[in-house]
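There are 2 protein chains.
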Amino acid sequence: MPIRIAVDGMGGDNAPSEVVKGALEAARDQEVQILLVGEADSLHKELNKYSPSKNLIQIVASNGVIAEGEPPAMALRQKPKASIAIATELVKHGKADALVTLGSTGAAMASATIGLGLLEGLDRPAIGGPFLGLAPKTILLDLGSNLDCRPSQMLSFAVIGCVFARQFLGISDPSVGLLSVGAEEGKGNKQTKEAYELFNESGLNFVGNVEGMDLFTNKADVIVCDGFVGNIMIKFTEGLSKAFAHHVSDTLSKYLASEKAGAIALEIMSRMNNPEQTIGPLFGVNGVIIVGHGSSKAASVSSAIALAKRAVQVDLLTKLKTDIAEVMQRVRG
Amino acid sequence: MPIRIAVDGMGGDNAPSEVVKGALEAARDQEVQILLVGEADSLHKELNKYSPSKNLIQIVASNGVIAEGEPPAMALRQKPKASIAIATELVKHGKADALVTLGSTGAAMASATIGLGLLEGLDRPAIGGPFLGLAPKTILLDLGSNLDCRPSQMLSFAVIGCVFARQFLGISDPSVGLLSVGAEEGKGNKQTKEAYELFNESGLNFVGNVEGMDLFTNKADVIVCDGFVGNIMIKFTEGLSKAFAHHVSDTLSKYLASEKAGAIALEIMSRMNNPEQTIGPLFGVNGVIIVGHGSSKAASVSSAIALAKRAVQVDLLTKLKTDIAEVMQRVRG
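From first to last, the protein sequence lines are chains A and B. At position 49 of the first sequence the residue is numbered 52 (my numbering), and the sequence of numbers has no breaks. At position 114 of the second sequence the residue is numbered 117 (my numbering), and the sequence of numbers has no breaks.
Bear in mind the hints are in silico, worked out from the structure with no lab data behind them. There could be a bad hint or two in this list.
Identical copies carry no separate label here, and so any pair may be met within one copy or between two of them.
Claimed, not checked - In silico DSBU-like links for lysine-lysine, alpha-carbon gap of 35 Å or less:
(1) Lys-263 with Lys-95
(2) Lys-52 with Lys-222
(3) Lys-193 with Lys-324
(4) Lys-257 with Lys-222
(5) Lys-196 with Lys-222
(6) Lys-257 with Lys-95
(7) Lys-196 with Lys-82
(8) Lys-322 with Lys-48
(9) Lys-300 with Lys-193
(10) Lys-190 with Lys-82
(11) Lys-48 with Lys-324
(12) Lys-324 with Lys-257
(13) Lys-193 with Lys-98
(14) Lys-193 with Lys-263
(15) Lys-84 with Lys-257
(16) Lys-48 with Lys-300
(17) Lys-324 with Lys-82
(18) Lys-263 with Lys-98
(19) Lys-245 with Lys-84
Quick caveat: nothing in here was measured; it's all calculated off a predicted structure.
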């Protein structure tokens, strides 16, 4: 039986057209069964553009969409049949093995938390991954969904990062660092000092504190931080990347023909962000949910579906549950 | 009477030679009187290399140096005559108007805190300034000396940033932003939510929360954060800058002759950090202390002395005291 992926057909800046296109590509190339959730009429209309392959996809009707920026919990109450809610139900009732959405991250989090529940030790879903093109194997989390974290939450992030590193990056014994302001034990704020002790007893391959530059030094495969810090870092990188792209292109065009300058500038900047990795799982919910970037085109939609498929194949969810429970048991002594 | 600057002749990677050279340049070009503090023999030996101008500088003997990485408070107890301690005493006793050191920031902080005391509302000296070459007029502080800040400490940073913006960057009515994870009021962690309310009552030109990308968007002239976040950001930028420099240079050398590629890569990277601005005042101590980068050469030593001179000329210290007291009064009122 093929793996069944519920795809939120209405989420994202380019929905439904690019979502439908990407879902079809995935259905054709990845041997997955797609349950495309959304307004039936507009999805049918899109699908009819691809008549030969349209039967690869099953449409599940929903009513309404939750937009980026809407308060998620309230929006879910007002639109209980919204695409993200219906897609989450498919996972909840075992009709789909995973969910992919390019829509509002907040709505996906709220819907998954309410519909599927959270794993032990987590108050909210966590997000993270290798977000830097220059450090494509360094995992940072949480990237913004959890603020004022307790040390035990941060320990859950560490376990999540390790499972991700093993299953998706092929790192067999991932090392874990705690993001702080000095390498020595005892450096840090109250939160990281407390987390340090807990990490030390966790049985994880904990290498101690790491600093801001260590995102680039391979000191740790998994770097854990409060979502407040993680969010500021990804947004800072985003801003820096934009500002730097202009500067690189301006500088090069002083010395090179504009076409060549543009091409080289693009090549240089391609390593700043890690756009593939803005696709990532919502960690810590009791189900496989992949959230892709709102601006995704068909190819990225298809990549997000591939990631969902792989998460199901490697049984990511069971591994997360088992590992989190085991580590929590150990620190409880 | 010329402005008198105590210079720590023993601090920094290139002490005493580059410090002596830079101090002499400053004495010659800036009409300041230099009190060079350090081991008399080695300072005399250096000064004798420049016989025509050596009389521009007065040597004040000290004994011992506190190295980067030594625990500052303990080192100061063990070496009470260390160059930084003697230089601080010159300021304390009114024999110098300001102090410049390229040595350990921690030692300068401890020495200034013990010897000169702190302004109202501060637990430790603060450091900050425009640290990004791509945003040369955006001031960020604290950059690492204050962790787990109370909202009132963060408000002091805001006032400091405004005084700096007015006196050194010529911004007449600086706007202040609070670094957080969303622009709306109510977004943030516990600390920033509390600080938000205080900032709102401060009478400062407070524009609300800003996000990581806003270091580059001119939304605020002064951006305030806990030193934990600030430290991670500057070290992250440092690491990114190094990693990126390699990448830029590798990419360019695929298309250009290596000499040209190297020169353009250097030009591109020159805008990443803001090396001039790693020289900065220790804010919040009751005296003018400028800490320069440990790797400073003569020209940077001379720039640090120029900054000290300007801080004395504009009466930075009185302005800081007055403005901090006024704002604190207002939020208490």
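Exercise for the section: Compare the structure with the hints numbered earlier in the document and write down the numbers of the violated ones, lowest to highest. Expected result: Hint check: 1, 2, 6, 8, 9, 11, 12, 13, 14, 15, 18, 19 fail, others pass.
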